[in-house]
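Student: Line by line, the protein sequences give chains A and B. Counting from 1, one number per residue, gives the positions in the first sequence under my numbering. Counting from 1, one number per residue, gives the positions in the second sequence under my numbering.
Misleading hints may appear alongside valid ones.
Simulated pairs of lysine to aspartate or glutamate, EDC-like, Cα-Cα distance not exceeding 20 Å [to be verified]:
1) 18(B) x 179(A)
2) 202(A) x 160(A)
3) 20(B) x 96(A)
4) 18(B) x 109(A)
5) 28(B) x 109(A)
6) 18(B) x 189(A)
7) 268(B) x 200(B)
8) 20(B) x 138(A)
9) 161(A) x 397(B)
10) 399(B) x 119(A)
11) 126(A) x 22(B)
12) 403(B) x 176(B)
13) 84(A) x 96(A)
14) 146(B) x 160(A)
15) 20(B) x 109(A)
16) 161(A) x 332(B)
Think of the hints as simulated: they come from the structure by calculation, not from any bench.
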Amino acid sequence: MTNSFVGFLNSIFVHLFLLAILTLDFSIFVPQKDRINTIPVEFVTFPTEKENNSKKIENIKNESIEKNIQKKVLIEELKVDKKKQLNFDSKRKLEDQIAETKLLKERREVQITIALIQDRINSIWKKPSLGNKNIQSEFVINLAPSGEILSFDLISSSGDKVFDESALAALSSISFITEVNGLDRKYFERNFRSFNLVFKSKN
Amino acid sequence: MKYFLLFFIFLSLTIEAKLKIEISQGSKDLPKIAVVPFKSNLNEGESISSLIQDNLTLFGEFKALPKEEMLSFPSSEKNFFNRDWKILNVDYVVLGSLQENNSELIRIEYFVFNISLNKLILRGDISGKYSEKEEISKVISNRVYKSITGLNGVFNTKIAYILNPSKERYKICVSDIDGSDEQVLFESEAPLMSPSWSSDLKKLAYVSFEKGFPEIYMQDLFSGDREPIKTLGLSNSAPVWSPDNKKLAFVMSLSGNPDIYIYNLRNKKISRHTTHYGIDTEPAWSPNSKKLLFTSNRSGSPQIYELTISSNRIKRVTLDGDYNARASYFPDGKDIVLVHGNNGVFHIGTKKLKSRFINTISKTTLDESPTISPNGNIIIYATKNNTQGYLAGLTLDGKSKFKLPVKLGSVREPAWSPFMN
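Please model the entire structure based on the sequences and the hints provided.
Tutor: Structure below.
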């Protein structure tokens, strides 16, 4: 149920994202000062044939000089912009990389802690003989940063009293999950402050 | 627009955010059980509690705490202290007392405690004759087992098997599941095969070669009366009693090709249910008596098929592996147990009828026919040690393996009885 709901939301998100690509001006995500200045477009109208040739030449000369100046200014402006852009790009890349490595590190640490917790609980949980029953019960566990179990609650029963009680017995036989001790506090808060433990009768 | 988008990102993240840790293996240690010697004024209490302990540890599902290691010997709720047992890492404690009303009649009161939950999980009493102490301790063991595991105990069930004490000597025997009280039903110089229990536990069907060809007999366990099923075929085998006790499925070959037939016990009529030119054999009834599993080589290799009896519709059940045979249903009718082979390696496995995957439990050799306990938790099979056949078993979670007491002679084809009602 949860999975299909998440899938549904994700599909909405993907569609909105595609729509956003087509319609949004992504400069909203760029800080004001770093935005590229837009170049105004001018339509140049040529003088009619009735006008004087000399005037024409003069005009053209003037215009070309002006244009040249404008061009130079523009090119310089563009150069500056490009530089800025480049600086900005590399900075972002670096930030992304840092974020990614941070995330990877967190994920790794969390995975290790999960495995340690699984090992620990597996070692104390005396799974009852169940025949071929395929059931599971889910608990929510609240931890203190020291690893102390503040509370645990059965949130979804397996329907089998003996099975639920075996999990309860395992949880009540420990008062600390010391496996979270070495974790960075941030990681702890994000992942282990409150988490769900699912006891399954079958792999 | 921006916020709308962010809202959805946030929403989808928060739903997935909560960490979920799955625990499915559990400890490798067996639950530790302490059966305290029962208190009695005539010193007979201990014999009952030791019988209960033997029963509970018969299939290796529990580890018993030796009497010498016990710190106290409580006999009722009043003098029971949880900490005495918690120190010893005991999971369950069984205690009780026995009162003799007169020399014959006894009354036993018993208690079961769950130590880690510090909770009394069972209190019961039973009265009976002292001479029936084995039966009484089996009933108590069943109740204790049920209070601990939630499953019905099988300590008062029986097992039928073929005993082969010497060459050209065959016996069909019935004994209690712990191997005691063995009873020989029939003896012959010709091979005997495939015992099957009627669901009321009054009769046994089996195949006998006494007339030179395989013939199915039904024998009453109490009177010993035998009755053959009269068929046209020359080769009859693998009789299986339906759980509703109305029919007997068996294999017969009329023209050299074995097919599945059903014998109606009421009107004594035989109906044919498979017609394929492949070999169809090893029928096994579903718990509701509406379907049959059987093994057939119609696809080229032995595979399991399911037959719906009312419509004769046949569905292939196993798809993986080049050998799948000897299937039977679990008591819930949703899963099956079978011998699964692939590239010459054989396993006892279980399979959900609705999924493709076969879950292998234990490596075996080919000549084993598994029989499943009526509570669906234990499998017993015949195996060989050099030339001597004996019965071994395992629990479904694979945690414990055990051997049943050795008999004088090779043991083959175990058949676990249904529950006694």
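Student: Now tell me if each hint is right for this structure.
Tutor: The hints, checked one at a time:
1. 18(B) x 179(A): 18 Å, holds
2. 202(A) x 160(A): 14 Å, holds
3. 20(B) x 96(A): 28 Å, violated
4. 18(B) x 109(A): 16 Å, holds
5. 28(B) x 109(A): 27 Å, violated
6. 18(B) x 189(A): 11 Å, holds
7. 268(B) x 200(B): 19 Å, holds
8. 20(B) x 138(A): The given pair, whose Cα atoms are some 9 Å apart, holds under the 20 Å limit.
9. 161(A) x 397(B): 19 Å, holds
10. 399(B) x 119(A): 17 Å, holds
11. 126(A) x 22(B): 15 Å, holds
12. 403(B) x 176(B): Distance ~15 Å between residue 403(B) and residue 176(B) Cα, so the pair holds.
13. 84(A) x 96(A): 18 Å, holds
14. 146(B) x 160(A): Holds: residue 146(B) and residue 160(A) sit about 12 Å apart, inside 20 Å.
15. 20(B) x 109(A): 15 Å, holds
16. 161(A) x 332(B): 18 Å, holds
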